[in-house]
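S.K.: Residue numbers (the numbering used here), protein chains in the order written: chain S, 1 to 327; chain C, 1 to 503.
Bear in mind the hints are in silico, worked out from the structure with no lab data behind them.
Mixed in with the good hints, there may be bad ones.
Chain S is faced by these chain C residues, among others (derived, beta-carbon under 7 angstroms) [as the list claims (entries may be wrong)]:
1) Arg351
2) Asp356
3) Ala365
Simulated coverage check for chain C against chain S, where a stretch passes if three residues somewhere in it have a Cβ under 8 angstroms from a Cβ of chain S [to be verified]:
4) 340 to 347
5) 418 to 424
Among chain S residues calculated to face chain C with C-beta under 8 angstroms, some are [stated by the list, open to error]:
6) Leu43
7) Ser44
8) Arg201
9) Ile204
10) Asp208
11) Asn209
12) Arg211
13) Arg214
14) Leu215
15) Ser216
16) Gly274
17) Arg275
Even for Gly, the Cβ is constructed at its ideal location relative to N, Cα and C.
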Amino acid sequence: MSTQTLRRQLRPAQWARPGGLAPILAILVVLLVLITARQPDFLSPPSLMSFLGRSAPIILLAAGQYFVIVCGEFDLSVGALVTAQVVVAARLIDSDPTRTWPVVLVLLVGGALVGLVNGLVTTRLGVPSFVTTLGMFLVLVGAVYLWSDGAPKGGLTEEFRQYGRRAVEDVPLLGRIPYAVVILVLVATVAVLLTRADFGRILIAVGDNPRTARLSGVRVWRTRTAAFVLSGLAAAIAAILIGGYSGVSFQAGAGLEFGAITAVVLGGVALGGGRGSVVGAMLGATTLELLFALMNFYGISGALRPAVQGVIILVAVAVAARRSTSR
Amino acid sequence: MSDRRPTPLLALRGISKSFLGVRVLDGVGLDVGAGEVHAVVGENGAGKSTLMKIISGGYAPDAGTVEFDGEPRVFGGPRDARRAGIGIIHQEFNLLPERTVAENVYLGNEPTRRGLVDRRRMRERTRRLLASVGETALPADAAVGRLSVAQQQVVEIAKALALDARLIIMDEPTAALADHEVTLLYALVRRLQEQGIGILYVSHRLTEVFDLSDRITVLKDGRRVTTTDTADTSADDLVRHMVGRELSHYYPPRAAPSDVGAVRLTVRRGGNRRVRDIDLDLRAGELLGVGGLQGAGRSALARALFGAAPFTTGEVSLDGRPVRLRSPRAAMRAGIAYVTEDRKGEGTIARQSVLDNALLAGRAAFPLRSGRAARTARVRELLAAVEVRSAGDHQEIRFLSGGNQQKVVLARWLALHPRVLLFDEPTRGIDVGAKSAIHDLVRRLASAGAAVLMISSDLPELLGMSDRIVVMRDGRIAGELPAGAREEDVVGLALGTARETAA
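Next up, chain S with everything else stripped away, as it sits in the complex (with noise of 0.2 angstroms):
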C-alpha cells in the first residue's frame, strides 16, 4: 500500500462516518483501560498473544460472517458447522496421525460445500437465507448426533491439535506466538485483500442494491453464494483451532453463530447489508471477547454471555437504525 492511499483511508472524514472504525476502536480502548485497571499485566505480550489464540477462532468466523451479511445475507450455519467438523474430524482421524492433513483437506471441503449448498439454496430457489441456514443448523447437528450415536467417537491427534494449542517459541520480544494468532494473521490478510479487489466491492454492491448490480453485469446469485462459501471455510477453519485447543465435544461451536454476528454488527457492519469492513467485523469479535475477559476478572458469572450477546445486537442495531434514518 503506497503512503498516499493509506493517508487517504486515514482522513478523519472516513473513520467517523457511519460504518467507519471510530466507534468499535472507541470501545475497544475503554475495554482495554479497564482491563488494565484490574489486571496490569494483561496488556504483557504472553498474556496478550493467549488472549489473541483464544479469540482467533471467533475472529475467524466473524470475517466469514462479515462476507455474508455485507451482501444482505445471514449465516446461522457456522456454529453447528464447528461443531460437525470437531467431532467428524475425530472420527476421521481415529487416533491416527497419517489421517491429519487429508482430514484437515476434507474439513476445508467439506467447510466450503455446506456454504456452497446455504448459498445455492438461499439464491438459487429463493428460500430467505435465514431460514436456509437455520435448516442447515439443525441438519448438521441431526446428522452429528446420528453418525456418532449420540456421543463422539474416536480421537484428534496431537500433529492435529497443535495449530489450536501449541506455538511458536522463543520470539524475541513476544515470547511465544500461538500457531491460532499466526493462522488468524494469515487469514485475516487473505480476508482484507478479498474485501480490497473487485469481488469485496462488488459485494457491497450487492448487499447495496442488487437491483443496480444485476443491471450492471453482476450475476448476483454467484457472487452470494461465493459468500456463503468463505463462511464455511472460515467456520472450516475455526473448527480445526477449536477442536485442537478443547478438544472433542458436542458443544464444540454451540453459539458461536450468535457471537459472530454480534461481533459483525458491533464492528458497524450493516444487518442487511451494502455496509461496512471486514477489519470492523474482526476488531468486533476482539472487543466482544475482551468484553467476556473483563467480565470474568470482575467475577461477573459466564451464565450471563447469551444475555450480554443480546443486548449489544439489539442496541448496536438501533444505533445503526438512527444514523441511517437521521440523515
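Go by the hints and put chain C onto chain S.
M.R.: Only chain C this time, still in chain S's reference frame:
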C-alpha cells in the same frame, strides 16, 4: 345532458401544489355534477394523478379549495375523503385476494351486531350493492383472488359504494381490461350515473373518453387548458390542447445523413409479455427517439434489448450477427449499455463511492479485461471528462445531485466502449444545466459512432434530440416519425388518434 347540468357535487378552485419547488399543479379549477361523467386528459406529468390524489385526500393542496356538496372541505387523509363520500379506483387494486368479495367490500367498515362482525348482514348488503350496479352473477362469498380483473374492479367499485360514495374517481380504469370487459365497464359507469353518482374519469384512451364523458378537461404542465362539452370537441382538438409549448432550450445539432452508418442493431418480430411485434433497425451514429405513454412498452423494449426482461420471440442481431441477449451481462458483453429510468432504485449503489459506482460494470462484466490500475485510471479520466461535481471520487454517490449521479452512471457505461446505448429518460429529475450537459454527451456518443436509443416522455427533448422517432402504444410500435416531427404527431400516435404511418 350538458344543457341541464346539475349543481356541482365537487368544485375545485385554484388548486396548486408543488413538490420540492417544482410546481405540479397551478391554479386548477374543475367541477363535477351529480350524475356527470367528467373526463380528465393530459400527457404524462400533466398533473392528473396529483389532482386526483388531492381530491381523494392523499395530498393536501398548497393553495385553493375543495368543495364537496357545496361545503369547503379539508381532508386529513384518504380516510376522511372516503367518509365524506369520495371513492377512488386506482389502476392497481387494493384488495385482499384471500378474502371474500363481501369481506373486501366491507373491509374496515364491517356491519356488527353486539360487537361481532355480522357476516350474514355483510353478505346480504354486498349482494344488494352488486345488484344495484347490475352484477347479480358475482357471488358475495367468492375469494377475490379467483375473480377476473374486471370482476375485481366491480368489487372495488362496490367497496366505494358501501361507504355511500357520491363521487367516484376512476384512474385509467380500462388499462388492465380485455376489450369485451371494457363494454361491461361502460354499462357499469352508466348505471352509476343513473344513481346520481358523479364520476371523474382519468384516461389516456380518447375513444373511451368520447364514448363515456359529458365534459372533458385538458391538463397540461399542471394547468387547466380547457374544459369543454364532449359533444363540442374532437380528438384532434384535444390533442392540440394537450401539446404545444415554446421551445426554450437549445439542443445539439442532429446527425447529418453522412454521419449515419450501417445498421448496427436489428430486431425482427421481437416480443415478450410486455411488447409485441417489434421490428427495429438502429444505425451507427444515429439517435433514435422512442416516444409513447407510460406503460406503452418503451422501457420494456429497452429492457428486452438489454436482456433484463429478454424477448421470448423473434430475433435480434448486432452488426449482422445474431445475438441472444438473455441477461444484462450477456448484453453488456455484446456491447450494449442501458441507463435506467430509476436512478435510485436500479442505477446507483447509494452508499458506495463515486469511483466504485463508476467501476461497477467493468468489474462485474469484464473482470479480466484490463489491469485494475489501468481500469481505475480510465474511469477517473471519464469522471473528469463528463464533469462530475463531487467532493472527490471517494464521496458516497447518494450525496451528489441527480445530474451528477447520472454523469457517474454514464461514466460507468462509457468505460465499456458500448456499441449500442439505451437511455431511459436520461434527464428525468435533473436540473436544467445538467440536462444540457447530458444532451450534449448523448449526442457526442452518437457522433462518435455509437447507436443510441433514447426513451423520453419529455416531448421537446424527444423532438429536439432525435434523428428519427418511433412511438409505442400498447406494447407495439405504433408508428415512426422523421426528425422535425411535431408534438401533435407524437401524441397522436401515442394515443392512437392518428392513422398509423409507415416510414
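S.K.: So which hints don't hold here, by number, going up?
M.R.: 5, 6 and 7
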